[in-house]
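Asks: All chains should be modelled from the sequences, with the hints used to inform the complete structure.
These protein sequences, in sequence, are chains A and B.
For the first sequence, counting from 1, position 48 maps to 48 in our numbering; every step adds exactly one.
To convert, take the position in the second sequence, counting from 1, and add 74; that gives our numbering.
Simulated from the structure, these hints should not be mistaken for lab results.
Keep in mind that this is a model prediction, so the values were computed, not measured.
Wrong hints could be hidden among the right ones.
What the hints assert, rightly or not - Within a straight-line C-alpha distance of at most 25 Å, the following computed DSS-like cross-link-like pairs (lysine-lysine) qualify: (1) B:262 with A:41; (2) A:15 with A:36; (3) A:39 with B:262.
Stated by the list, open to error - Just the calculated beta-carbon pair ranges, DEER-fashion: (4) A:68 with B:107: 52 to 60 Å; (5) A:57 with B:101: 56 to 64 Å; (6) A:61 with B:94: 47 to 55 Å.
No residue lacks a Cβ here, since even glycine has one placed at the ideal position from N, Cα and C.
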Amino acid sequence: MAIIIRLDVALAQRKMSLTELAEAVDITLANLSILKTGKAKAIRFSTLEAICKHLGCQPGDILEYYPEEPSKSR
Amino acid sequence: METKSTPNKPIDQRIRTIGSIGQGICTAGMIWWFYDMFIQSLFYNPFQGTYSFSKTMESYGISGDIPGIFNMVFTVAVFMTMPVMLLFWLVRKAFGEFAKGSILSPVIARTILGVALISFSVAAFKLLYWASESPFRPLSPLLPTMKSLNSFLHIQTSGSLLSVFEWLLIGVVCLSLYWGIRQAIALKEENDLTV
Chain A
1 MAIIIRLDVA LAQRKMSLTE LAEAVDITLA NLSILKTGKA KAIRFSTLEA ICKHLGCQPG
61 DILEYYPEEP SKSR
Chain B
75 METKSTPNKP IDQRIRTIGS IGQGICTAGM IWWFYDMFIQ SLFYNPFQGT YSFSKTMESY
135 GISGDIPGIF NMVFTVAVFM TMPVMLLFWL VRKAFGEFAK GSILSPVIAR TILGVALISF
195 SVAAFKLLYW ASESPFRPLS PLLPTMKSLN SFLHIQTSGS LLSVFEWLLI GVVCLSLYWG
255 IRQAIALKEE NDLTV
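Replies: Written as structure tokens, this is what we have:
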């Protein structure tokens with residue numbers, strides 16, 4: 001996917017664990033893990049808002065657009 | 075995915091119950107169909123003394139090459155019995171998934187696709203059967219033989235065009251369900267991966 005999640009970087013900068021964030025924003029650890037590992041297909045505004053509010057950052061600090069190279073098989 | 079989701083327990087329990095009941099009905103249906111279509115075709119009524127094929131033939135006043143007739147009747151009986159047995163087995167498999175509490179699973183989608191394909195096959199066979207007694211006959215030399223066997227074996231194969239449409243309708247409904255369930259599975263997957 002062209003959107004990359006930088007949650008691990010944001011957490012490392014704040015020296016915070018995923019479990020702590022999960023407890024703080026009231027999201028299950030499993031869901032947060034899906035987000036962190038890039039398996040998520042979508043993110044709710046409410047989830048993004050909660051994460052940004054707790055980490056004190058902007059959505060752009062967590063999400064990054066990385067253009068994909070066109071497939072060679074086409 | 076909901077942040078703190080709670081499963082809907084009463085609905086889940088109802089699905090499991092319906093699944094178990096459906097499995098029981100399908101098992102009973104398979105046994106009944108096997109007896110009614112297969113056993114009774116070969117051994118007219120095993121509980122009233124006609125437990126051998128020759129006695130069954132005697133009861134119909136048929137004599138001649140009994141082993142030859144048996145092979146033919148056996149083939150026809152298998153041909154008539156198997157599709158519906160397979161249908162029961164597939165539907166039982168789908169109910170088994172319900173009993174586990176799983177509705178939108180690829181197994182159910184595949185099962186429904188299987189039911190649709192069998193229904194289309196039966197419709198095609200019935201269309202040929204109908205054509206064998208219509209002005210377009212004979213499309214196949216085997217079909218008149220099957221028709222004559224049907225007359226004394228009581229194999230419930232209706233040659234009417236209506237039954238062709240019935241099976242076609244079942245096939246189309248199941249195919250629509252298959253596409254619907256496939257779409258629902260894709261949506262569920264997307265929903266499960268929405269944080």
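Asks: List, from low to high, the hint numbers that the structure doesn't satisfy.
Replies: none
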